Amino acid sequence: MTKNSICAWQDLALGAAILEPGNAANLKTGAWRTLIPVLDEDKCIKCGLCAVYCPEFCITERKDGFFRPDFDYCKGCGICANECPKKAIAMVMEDK
Amino acid sequence: MPKRIGIEVSLAVADAVKMAKADVISAYPITPQTHIVEELSTYVANGELDAEFVPVESEHSAMSAAVGASAAGARVYTATSAQGLALMHEILFIASAMRLPIVMTVANRSLSGPISIWNDHSDIMTERDINWIQLFVEDGQESLELTLAAFKIAEDKRVLLPTCVNMDGFMLTHMIEPIVFPDQAVVDKFLPTYKPLLTLDPKKPATLGPVGVPEVYLEAKKQCEQALLDSLDVVKEVLAEVNKTFGRKYDLVETNGRKKAETLFVTMGSLGETCWSAVDNLIAQGQDVGQARIRLWRPFPVKEFIKACKGAERLIVIDRAISPGSVCGPVAQEIKSVFYGLKDAPEIVNIIAGIGGRDVPVADFEEMYRLAKKRKLAKTYTLWGLNSNA
Numbered sequence: 001m002t003k004n005s006i007c008a009w010q011d012l013a014l015g016a017a018i019l020e021p022g023n024a025a026n027l028k029t030g031a032w033r034t035l036i037p038v039l040d041e042d043k044c045i046k047c048g049l050c051a052v053y054c055p056e057f058c059i060t061e062r063k064d065g066f067f068r069p070d071f072d073y074c075k076g077c078g079i080c081a082n083e084c085p086k087k088a089i090a091m092v093m094e095d096k
Numbered sequence: 097m098p099k100r101i102g103i104e105v106s107l108a109v110a111d112a113v114k115m116a117k118a119d120v121i122s123a124y125p126i127t128p129q130t131h132i133v134e135e136l137s138t139y140v141a142n143g144e145l146d147a148e149f150v151p152v153e154s155e156h157s158a159m160s161a162a163v164g165a166s167a168a169g170a171r172v173y174t175a176t177s178a179q180g181l182a183l184m185h186e187i188l189f190i191a192s193a194m195r196l197p198i199v200m201t202v203a204n205r206s207l208s209g210p211i212s213i214w215n216d217h218s219d220i221m222t223e224r225d226i227n228w229i230q231l232f233v234e235d236g237q238e239s240l241e242l243t244l245a246a247f248k249i250a251e252d253k254r255v256l257l258p259t260c261v262n263m264d265g266f267m268l269t270h271m272i273e274p275i276v277f278p279d280q281a282v283v284d285k286f287l288p289t290y291k292p293l294l295t296l297d298p299k300k301p302a303t304l305g306p307v308g309v310p311e312v313y314l315e316a317k318k319q320c321e322q323a324l325l326d327s328l329d330v331v332k333e334v335l336a337e338v339n340k341t342f343g344r345k346y347d348l349v350e351t352n353g354r355k356k357a358e359t360l361f362v363t364m365g366s367l368g369e370t371c372w373s374a375v376d377n378l379i380a381q382g383q384d385v386g387q388a389r390i391r392l393w394r395p396f397p398v399k400e401f402i403k404a405c406k407g408a409e410r411l412i413v414i415d416r417a418i419s420p421g422s423v424c425g426p427v428a429q430e431i432k433s434v435f436y437g438l439k440d441a442p443e444i445v446n447i448i449a450g451i452g453g454r455d456v457p458v459a460d461f462e463e464m465y466r467l468a469k470k471r472k473l474a475k476t477y478t479l480w481g482l483n484s485n486a
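Just so you know, the sequences run in chain order A and B. If you're matching positions, the first sequence starts at 1 in our numbering and goes up one per residue. If you're matching positions, the second sequence starts at 97 in our numbering and goes up one per residue.
Read the hints as simulated data drawn from the structure, not as lab findings. Errors might be hidden in some of the hints.
Straight-line distance between alpha carbons at most 25 Å, and here's what the computed SDA-like set of lysine to any residue pairs gives [to be verified]: (1) B/K432 - B/D326; (2) B/K332 - B/R344; (3) B/K439 - B/I402; (4) A/K87 - A/V52; (5) A/K75 - B/G308; (6) B/K299 - A/I18; (7) B/K253 - A/Q10; (8) A/K43 - A/A31; (9) B/K299 - A/L14; (10) B/K300 - A/I6; (11) B/K318 - A/W9; (12) B/K399 - B/R466; (13) B/K332 - A/L14; (14) B/K299 - A/L19; (15) A/K3 - B/Q322.
All figures in this text were calculated on a predicted structure; none of them were measured in a lab.
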């Protein structure tokens, strides 16, 4: 019998309430991903629009000036690729 | 000293809520529940009850406001009937899933259509699976005392589930009965101030009623149902305390008539009293008959019910709702499930009676008994009093 469960029912808080604020970070939404964004650094102008539109707020500016997602949270929704004015982001099937 | 007053049952229920010192009442008026909330709004307007009365624009909002207020730690009451209960439908599940001890009176009324304001149990039977504690009362005195008990049961730390008290619309809500009112001090002792276990508090932030992803939904449902199953012992305990405090003999399943009778009527709600008179008449005619009256419908008191039926060869189960396309009415479905596979299970016949306010007088129960005894009733169910050309 497969379980795929977060915890035993006895360990849930009353009414499955969440008692720890800000725990959304514990939910690694990256597991939902089918397509993964791949950045073409030659086309990218480092404008950061991808970070602005990312619904997970998981794209941040890195030391080299490029904006890249945190793949623990990137759901592969493709909004960044869609919004990129230079078409520098491609959504490709991820090998898992 | 307790006072005995001739009063309409609806008003006695309003008085019970007043004596329970509810903090928030959110309700929308609907026949035959109206007198209860009308009276409560008067109490609040006159300053006799220090509560927030939320005159919402629909029953969907009534239950939503009740959920919000209860989550904020208030003692919350509402009441409704039929279409109103149906309009609350989706929020009823939220209230139990969030483990909020809301108390609601359901003045039982037929669901339209055809349009009906009269009495049967089709409204609550549609809501059997809402994970609420569901009680049924038979008379005015019980209506008052079990409304008080409902708060105590719901708010018990071992329970924390919404609770509804079902009382037959008109047949009970609009009767004027002599009812004994307890002193406020006795009620205060019986029902102390509600102290929530988990509430909306900025100092202790929490998310109540979050999304239940597939990895948690099942466990959340299990927790909720287990609380309902476990509430049975608490209901028993609270009824014992009601009995001690107010001098009653309430139980999960009550019996009358002959002990270990050959034939038992099974009733729920105010028809039980009519049936009781028929049982007494039949016994006077030398018949071996008794009656089991179900007071707690959810969680269903399986053990107690089987015990109450011990020795019976035949059960005449009275339903007050049709379960279209099923094998029989909802109460009979339950009882057939209870007895399935048990040795010495009684014969179970089902009569669906009193639908849409159709009268069921004492003599009808006597006729049911005779027909059942002669095995002249359908094996599935009988729509009692149906005018048919066949």
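Each hint, compared with the structure:
As the CA atoms of B/K432 and B/D326 are separated by approximately 23 Å, the hinted pair is consistent with the 25 Å bound. About 13 Å separates the Cα atoms of B/K332 and B/R344, which keeps this hinted pair within 25 Å; it holds. Using a Cα cut-off of 25 Å, the hinted pair B/K439 and B/I402 holds, with the two alpha carbons roughly 11 Å apart. Taking the CA atoms of A/K87 and A/V52, the gap is about 16 Å. The hint holds against a cut of 25 Å.
Our distance criterion of 25 Å between C-alpha atoms is met by A/K75 and B/G308, whose separation comes to about 19 Å. Taking the CA atoms of B/K299 and A/I18, the gap is near 15 Å; set against the 25 Å cutoff, the hint holds. Distance hint between B/K253 and A/Q10 is fulfilled; the C-alpha atoms sit about 15 Å from each other, no more than 25 Å. About 28 Å separates the Cα atoms of A/K43 and A/A31, which puts this hinted pair outside 25 Å; it is violated.
Restraint check: the Cα-Cα separation between B/K299 and A/L14 comes to about 18 Å, which is no more than 25 Å; the hinted pair holds. Straight-line distance between C-alpha atoms of B/K300 and A/I6 comes to about 23 Å, which keeps the hinted pair within the 25 Å bound. Between B/K318 and A/W9 the CA atoms are separated by roughly 7 Å; this keeps the pair inside 25 Å, and the hint holds. A distance of roughly 29 Å separates the Cα atoms of B/K399 and B/R466; the hinted pair therefore is violated under the 25 Å criterion.
Between the alpha carbons of B/K332 and A/L14 the distance comes to roughly 23 Å, so the proposed pair stays at or under 25 Å and holds. Of the supplied pair hints, the one linking B/K299 and A/L19 holds, its CA atoms being roughly 12 Å apart against a limit of 25 Å. Taking the CA atoms of A/K3 and B/Q322, the gap is about 19 Å. The hint holds against a cut of 25 Å.
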